[in-house]
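Chemist: As given, the protein sequences belong to chains A and B, one line each in that order.
Counting in my numbering, the first sequence runs from 1 upward without gaps.
Counting in my numbering, the second sequence runs from 1 upward without gaps.
None of these hints come from the bench; they were simulated from the model.
Misleading hints may appear alongside valid ones.
No more than 20 angstroms apart at the CA atoms, straight line, and that leaves these computed lysine to aspartate or glutamate pairs for EDC-like [as the list claims (entries may be wrong)]: (1) A/105 x B/107; (2) B/131 x A/144; (3) B/212 x A/91; (4) B/46 x B/107; (5) B/137 x A/76; (6) A/105 x B/11; (7) A/90 x B/107; (8) A/90 x A/30; (9) B/41 x A/91; (10) B/41 x A/145; (11) B/212 x A/30; (12) B/137 x A/30; (13) B/145 x A/91; (14) A/83 x B/117; (15) B/118 x A/30.
Some chain B residues flagged as far from chain A (calculated, every beta-carbon gap over 12 angstroms) [claimed, not checked]: (16) 120; (17) 130; (18) 131; (19) 160; (20) 182; (21) 189; (22) 202; (23) 215.
We put the beta carbon where it would ideally sit given N, CA and C, even for glycine.
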Amino acid sequence: MSMINVENLKKSFGELEVLKSINFTVEKGEVVCIIGPSGSGKSTLLRCLNQLEILTSGKIYIEDKLVAHRDEQGNDQLNLPQKEVINLCKDLGMVFQRFNLFPHKTVLGNLMLAPMTVRKADEAKTKAKALELLGKVGLADKADEYPSRLSGGQQQRVAIARALCMEPNIMLFDEPTSALDPELVGEVLEVMKDLAKEGMTMVVVTHEMSFAREVATRVIFMDGGYIVEEGTPEEVFDNPKNDRTKDFLRKVKN
Amino acid sequence: MNQQQFMAYVEGTMITLQLTFISVILGFILAFFVAVMRMSKNKILKSISWVYVWVIRGTPMFLQILIAYFAVPIIYRNMTGQVLSNWSAFGAGVGALSLNTAAYTSEVIRSGIESIDKGQWEAAQALGMTKAQAMLKVIAPQTLKRLIPPFSNELTTIMKDTSLISTIGITELVKTSKGFAASGAIRFYFFCGAVYLVMTTLTTVFFDKVEKIAGKYE
Ligand SMILES: Nc1ncnc2c1ncn2[C@@H]1O[C@H](COP(=O)(O)OP(=O)(O)O)[C@@H](O)[C@H]1O
Ligand SMILES: [Mg+2]
């Protein structure tokens, strides 16, 4: 069973074609890092996976279940009700560049809101689970703080714990450290490394090349709405085949 | 001021407060629906709420009160052939004030909801919430806090505007004062003003406190 399978995915915003035929698969336990210049469609790809954007055409399978399917003309072949789409995507967790914590909830409240609302989960059990996750990201002592009192790095760790509290099988990260001051990047990457070690399936859009090299099982280079090159970190970073990949890697090194 | 006049003031104040609170509560509830219609994808619902807000905000409230009291029963009779019984000045006044508040407040609610960062919707959705759940648990609580100052503002505005209803025969604060002042006792005008000031100030202070409490997380 593959965790994610994307076939011939296209996405346009009006006239602007952002994703032009994307095909890729993610297997269980893989950590796939997506790199590429800004505007190449990396965020859009992640957002299509969990239906924050509606694809224009193509197919998306999550854990072998077809969750989105539109033909070349853009007609929805599934016509699923909102509830069903949500149910099919419940194994995907997402972490955003700008954290998007709920400012009116405490840290603990942020973690507990979705399980209690969506799953109608037991309060005591959810709380225990949330506290355990906060411990895991090193923020057990911040449970009763409001997000605005936390540093960016702490907020992003809360956001990771919040996503994990829904017990996803796959975690999507969209430039999770790009909004952070340099000295706070490390603590977030540490949490992500731990998650990878535990065998979580992860798709990470990132500019942290050393993280990608160390943690990724596979690196995907995107440019202009295409997957231009993919392979192991060694293949992509040390022996890039495509000129655009070489060009990009040269630029990020400087 | 003798005891009889004092009692008349108590009565007038009660009428003003009743008009205010009934209109504001009905108006805010209606405002919520108008705002939701305005933001819906349905073109017809959208247009209805747009026209409604356009008409109400673009015409004087005084005229709306006159239409509610004098014109509505006649229109009703012409359309149905029956006489609209029990059409009271109080009811017409509350109706006009509610519709008026709803139009202004719906725009406040809409811009409040739209001022919430799009990332909040996305985070809620990515966590598996439906649109309705996101609205209820994430967007509305944050919007509500931002709405406290404009709500408070609208409440004091309506409180003062209830005086227009005296023109269709309701003896609220202003009309009570006018009656007593008719014989040249102009102090009653100033007393009336003082009562309004107390009410509007208390309202403002109260909602400032509410806002502080609601805003503790920022
Ligand atoms: N909601 C949107 N509406 C219109 N254009 C968009 C929207 N989202 C993204 N785009 C455009 O799509 C292109 C790819 O964006 P994005 O996926 O964010 O790239 P990346 O994450 O690789 O920087 C950009 O040109 C961007 O302006
Ligand atoms: Mg991006």
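Chemist: Quick one, are residue 41 of chain B and residue 145 of chain A close enough, alpha carbons at most 20 angstroms?
Modeler: violated (38 angstroms)
Chemist: Could you grab the alpha-carbon distance between residue 118 of chain B and residue 30 of chain A and see if it respects the 20 angstroms cut-off?
Modeler: violated (30 angstroms)
Chemist: Has the given pair, residue 137 of chain B with residue 30 of chain A, been kept, meaning a C-alpha gap of at most 20 angstroms?
Modeler: violated (34 angstroms)
Chemist: Grab the minimum beta-carbon distance between residue 182 of chain B and chain A and tell me whether it stays above 12 angstroms.
Modeler: holds (53 angstroms)
Chemist: Sort out whether residue 107 of chain B lies within 20 angstroms of residue 46 of chain B, counting only the CA atoms.
Modeler: holds (13 angstroms)
Chemist: Given the proposed pairing of residue 145 of chain B with residue 91 of chain A, does the C-alpha separation stay at or below 20 angstroms?
Modeler: violated (33 angstroms)
Chemist: Would the hint linking residue 90 of chain A and residue 107 of chain B be met if the CA-CA limit is 20 angstroms?
Modeler: Measuring from Cα to Cα gives roughly 35 angstroms; hence the hint is violated.
Chemist: Mind checking the alpha carbons of residue 90 of chain A and residue 30 of chain A for me, to see if they're no more than 20 angstroms apart?
Modeler: Roughly 19 angstroms separates the two Cα atoms, so the pair holds.
Chemist: Given the hint that residue 41 of chain B pairs with residue 91 of chain A, test it: the Cα-Cα distance must not exceed 20 angstroms.
Modeler: Between residue 41 of chain B and residue 91 of chain A the Cα gap is close to 29 angstroms, so the pair fails against 20 angstroms, i.e. violated.
Chemist: Hinted pair, alpha-carbon criterion (20 angstroms max): residue 131 of chain B, residue 144 of chain A. Please report holds or violated.
Modeler: violated (27 angstroms)
Chemist: For the pair supplied as a hint, residue 212 of chain B and residue 30 of chain A, is the alpha-carbon distance within the 20 angstroms limit?
Modeler: violated (48 angstroms)
Chemist: Is it the case that residue 131 of chain B keeps its Cβ farther than 12 angstroms from each residue Cβ in chain A?
Modeler: violated (7 angstroms)
In this structure, the earlier hints numbered 1, 2, 3, 5, 6, 7, 9, 10, 11, 12, 13, 14, 15, 16, 17, 18, 23 are contradicted, and the remaining ones agree with it.
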